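Protein chains: 2
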Amino acid sequence: MSGTNSERELIAEGPAIILVEPQLGENIGMVARAMANFGLAELRLVNPRDGWPSEKARAAASKADHVIDATKVYETLEEATADLNFVYATTARERYGFKPVRSPVVACQTLQQKFKGGEKTGILFGRERWGLTNEEVALADEIVTFPVNPAFASLNIAQAVLLMSYEWMKCGMEDLSETLFDPVEQKPSTKEQVFGLFEHLEEALDSRGYFHPPAKKPRMIDNLRAVISRRGFSEQEISVFRGVINSLDRFPRQWPRKVVPRQQKATDKAEIEGNDGE
Amino acid sequence: MSGTNSERELIAEGPAIILVEPQLGENIGMVARAMANFGLAELRLVNPRDGWPSEKARAAASKADHVIDATKVYETLEEATADLNFVYATTARERYGFKPVRSPVVACQTLQQKFKGGEKTGILFGRERWGLTNEEVALADEIVTFPVNPAFASLNIAQAVLLMSYEWMKCGMEDLSETLFDPVEQKPSTKEQVFGLFEHLEEALDSRGYFHPPAKKPRMIDNLRAVISRRGFSEQEISVFRGVINSLDRFPRQWPRKVVPRQQKATDKAEIEGNDGE
Chain A
1 MSGTNSEREL IAEGPAIILV EPQLGENIGM VARAMANFGL AELRLVNPRD GWPSEKARAA
61 ASKADHVIDA TKVYETLEEA TADLNFVYAT TARERYGFKP VRSPVVACQT LQQKFKGGEK
121 TGILFGRERW GLTNEEVALA DEIVTFPVNP AFASLNIAQA VLLMSYEWMK CGMEDLSETL
181 FDPVEQKPST KEQVFGLFEH LEEALDSRGY FHPPAKKPRM IDNLRAVISR RGFSEQEISV
241 FRGVINSLDR FPRQWPRKVV PRQQKATDKA EIEGNDGE
Chain B
1 MSGTNSEREL IAEGPAIILV EPQLGENIGM VARAMANFGL AELRLVNPRD GWPSEKARAA
61 ASKADHVIDA TKVYETLEEA TADLNFVYAT TARERYGFKP VRSPVVACQT LQQKFKGGEK
121 TGILFGRERW GLTNEEVALA DEIVTFPVNP AFASLNIAQA VLLMSYEWMK CGMEDLSETL
181 FDPVEQKPST KEQVFGLFEH LEEALDSRGY FHPPAKKPRM IDNLRAVISR RGFSEQEISV
241 FRGVINSLDR FPRQWPRKVV PRQQKATDKA EIEGNDGE
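Protein chains in written order, with the working numbering: chain A, 1 to 278; chain B, 1 to 278.
Bear in mind the hints are in silico, worked out from the structure with no lab data behind them.
Note that the coordinates shown come from a computational prediction; the quantities given were computed from them, not determined experimentally.
All the given hints hold, so there is nothing to weed out.
As the list makes no split between identical chains, a pair holds if one copy fits it or if it spans any two.
Each computed BS3-like pair below joins lysine-lysine, with the alpha-carbon atoms no more than 25 Å apart:
{"#": "1", "residue 1": "187", "residue 2": "99"}
{"#": "2", "residue 1": "72", "residue 2": "116"}
{"#": "3", "residue 1": "99", "residue 2": "191"}
{"#": "4", "residue 1": "72", "residue 2": "114"}
{"#": "5", "residue 1": "120", "residue 2": "72"}
{"#": "6", "residue 1": "217", "residue 2": "191"}
{"#": "7", "residue 1": "99", "residue 2": "120"}
{"#": "8", "residue 1": "114", "residue 2": "99"}
{"#": "9", "residue 1": "56", "residue 2": "72"}
{"#": "10", "residue 1": "116", "residue 2": "99"}
The whole structure should be built from the sequences, with the hints applied where relevant.
Structure (structure tokens):
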């Protein structure tokens, strides 16, 4: 994932996003941006209050120009959905009716299946203030609603589009734990490397009288090894740790010690035998 | 899900959302609203540019006052995370480093596990323009990044918070197909009810000479029954259909027929024997 944006794969497919009588250009722009974030590209507007094109929409789209430029405007919802095979209506309110009600996860699985089968699909979003009318919902095949906090259920239009776009992108992924980039790859350390760390550290501590009284030394070593190896080390980490020990062991301080407030001891740790340096 | 908002369950728990040096009050407000939508309540600000409290934030929060009122302000990120056990940093950019990189789904599973285990967690979000510094990312335990369109990867801060809050809510659900409300419950019809519909319709059609030529009547009836019963009917639907047939069958038109453009026939349907009324 290096290089400029223009070298990166631009994903632009999937269901049409249909905004019914959107009021603010800014919201249309934020919808376009949310679509672009998750690879959707086809925006349709039914009767936008302030007309189209809209400079406010373009500004709010933050460079999602490919969505803004391809946006189509219709006079009626019927025209806006005429060429589609299957349409979802989004709503936060319970509706009287027979239509199936789906969660975003289930809806996006259905949309992905239909997409793979060559069907054209769309998702309807209502006006900023009061959503879709019952008549508009009736034109859709199914309803999709978000698993929101019941006491605070109203999503703004760009956020609703963002969530559906995000679920659309996720449903197309084979592995939901996939990420666009990975951490630096690390090789697990071998036991030999771990033992080398132990010995290095223990020798440096021993030379300073850390293992005191001598009778407790074996137990203290066991505890020390348990503490520092509780999670598996990578080769790189072993190398970082050994550098730290080298530095502490070999080189003198170059300025006086500052007073750092001590951490309060956790009771269960206080009982492990070790030298806490006090 | 009836009644006013105040009667509904207010969910307010889960990870703290920590905004590092947010610039615009509007964005802080939209973050608060997104949190409230999905049941998060603890907002922390590190050095907000325009100070706190912010009237712009309160206005943009659209009544998420419980989040705005409880927002805490800190001078440093270290102070803002001091009481937490586990912290995620959100970033859209690849970072050099050893930290595990997680998808939102995996991150929210981890956060839910830690929540159930009594740990306090948080999620860091960077400045509007350029996110978190490497030093700030270094203070977190793990990185979380969104499965965005590689060519259009930049999410605004409220949208990033919305997605994490939404995943948090979803991870706490036992069933991802769950919805807050359901369609009108429908009883599947019995075969007797379906046969009643067939007979009703066929009698009304027969009385008008629909089954023509008579030799083809059995085949035409088979086809008609197949077409109208392809998906299972509910009792309610049978009842609606029978009302429609009654109306067409019994009552005369009250105004002349309008010309409705005919649907183009699909080739595969044209071969099924039926009377298309032409």
